[in-house]
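The residues making up each chain are set out below.
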Amino acid sequence: MGNTSSMLTQYDIEEVQDHCNHSFSQQEIVSLYQRFCQLDRNGCGFISADEFMSVPEFAVNPLSQRLLRMLDGLNFKEFVAFLSAFSSRASLQQKVEFIFKVYDSDGNGKVTFNEMLDILRDLTGQFISKHQREEVLTQVLEEAGYTNDSLLVQADFMKILGNSGLKMEVEVPVD
Amino acid sequence: MTRRSRQRRSRSPTMNSLETDLERPNIEDYLPSGSIQEPRGKLRLRDLLDISPTLTEAAGAIVDDSFTRCFKSIPSEPWNWNVYLFPLWCLGVIVRYGFLFPLRVLVLTLGWIIFLSCYFPVHTLLKGHDKLRKKLERGLVELICSFFVASWTGVIKYHGPRPSMRPRQVFVANHTSMIDFIVLEQMTAFAVIMQKHPGWVGLLQNTILESLGCIWFNRSESKDRGIVARKLREHVEGADNNPLLIFPEGTCVNNHYSVMFKKGAFELGCTVCPIAVKYNKIFVDAFWNSKKVRDIISVRAGLKKVPWDGYLKYSRPSPKHREQKQESFADSVLRRLEEK
Chain A
1 MGNTSSMLTQ YDIEEVQDHC NHSFSQQEIV SLYQRFCQLD RNGCGFISAD
51 EFMSVPEFAV NPLSQRLLRM LDGLNFKEFV AFLSAFSSRA SLQQKVEFIF
101 KVYDSDGNGK VTFNEMLDIL RDLTGQFISK HQREEVLTQV LEEAGYTNDS
151 LLVQADFMKI LGNSGLKMEV EVPVD
Chain B
1 MTRRSRQRRS RSPTMNSLET DLERPNIEDY LPSGSIQEPR GKLRLRDLLD
51 ISPTLTEAAG AIVDDSFTRC FKSIPSEPWN WNVYLFPLWC LGVIVRYGFL
101 FPLRVLVLTL GWIIFLSCYF PVHTLLKGHD KLRKKLERGL VELICSFFVA
151 SWTGVIKYHG PRPSMRPRQV FVANHTSMID FIVLEQMTAF AVIMQKHPGW
201 VGLLQNTILE SLGCIWFNRS ESKDRGIVAR KLREHVEGAD NNPLLIFPEG
251 TCVNNHYSVM FKKGAFELGC TVCPIAVKYN KIFVDAFWNS KKVRDIISVR
301 AGLKKVPWDG YLKYSRPSPK HREQKQESFA DSVLRRLEEK
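Protein chains in written order, with full-length UniProt numbering: chain A, 1 to 175; chain B, 1 to 340.
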């Protein structure tokens, strides 16, 4: 399934379903494939950053650049796996793991103070100064029992976000 | 930085409200509800780390977005799969291609012959008598458009009062295809604003459409906007000029949705009369507010509105939208920091 032919075989659907741990039903995977082909305009098998940015709702999102780094060069199977955190069948752990990966930009399994600052900057833009951002982050970290030098791992994220009713779901339209 | 955001907030809501109304669309009206709720209470670490609403919006856009839907052709369902429908369909093919099609070509050719043989003499010989010449040219353009519509055996119903030749008025309509122009020209010889095309379309533009008073623009030239705006203003001032028709969406849309109107048509200092085209009905009325006009057109023709500019087919959205989100999140963080 390297090149995107317009035909998705039953074997392909099952392979993709396995890869994403059955987070999506077979119809949803077919729908996602149609969407993937719609976005991949030059038909090269993956969606380029430019093609993602041509979706206005995505382009205006403050975290679009970060997500582009994670979405770059994904083929369809990996694309579905990426979106599996947003399925209604995904566990809380999967969702927290996804959020952790967004923060952990160097991928070493530890989130530093600066990585958290970077995301805060993306979300607030020029409306909060660098100094204020550091102040805010330091304050809430201290209150939660961490320091500026703490390196948070996934278990920490699970503890912080775990019991708060995380809502992170999208519905795949099935015609 | 806080000073700057305070300055923004203190801008009077009544002053410049028309400006902000036109420039700042209410994105919140169109985004899926429940996207960013207003959180309360003291700021905690989890509030800063929980980026799930933003991520959900991004994933939602990846999976499906309203802008792409505007340009998707709605597939028609096959109906001739039956044992009695299929032979009827075959018969239909014979009738349509063997009989009706040559007839249509004939009607169209006849129309062009009549039009060309009348138009060029009128155009060249009556150079001195402008008023008569213009009247005849208008009549001839309306005639050739009627021939077009007849060759498609189009049935067009016009609702509402006919446009009259008055100064200081401009007509706006939604845009689905090139046919919109012909359908409307048949009723009244409008002057339109069009992209300059090369080739034989350009030839048509230079000769016939020029005489109607049509205005050209070039999307790729940035200075062009000022020139075109001036030409538009001059046109609506003149009492003898043909009524001006503008398609504010700026691009063809699939007739199930309407994209944001560009504000040029509404800044000419004259009455705006909306025309709704749904390959079913048309109406005319008089209003000012472009949002309201678009609402009326969308409601009347049964179209869904989206907050996206048709030009996003060619360019990226402005940073305004992203900054709005950032500003609201920043305000919320700072406010909750103050709370004890």
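Calculated directly from the structure, the hints in this document are not laboratory data.
Any given hint could turn out to be false.
In silico BS3-like links for lysine-lysine, alpha-carbon gap of 30 Å or less [unchecked claim]:
#  : chain 1 : residue 1 : chain 2 : residue 2
1  : B       : K278      : B       : K304
2  : B       : K263      : A       : K110
3  : A       : K101      : B       : K196
4  : A       : K167      : B       : K135
5  : A       : K130      : B       : K320
6  : B       : K320      : B       : K223
7  : B       : K135      : B       : K223
8  : B       : K223      : B       : K131
9  : A       : K101      : B       : K42
10 : B       : K304      : A       : K167
11 : A       : K159      : A       : K130
12 : A       : K130      : B       : K42
13 : B       : K131      : B       : K196
14 : A       : K167      : B       : K278
15 : B       : K231      : A       : K159
16 : B       : K263      : B       : K304
None of these values were measured; they are calculated from a predicted model.
> Going through the earlier hints one by one, which of them does the structure break, listed in rising order?
Replying inline: Hints 2, 3, 4, 7, 8, 14, 15 not satisfied by this model.
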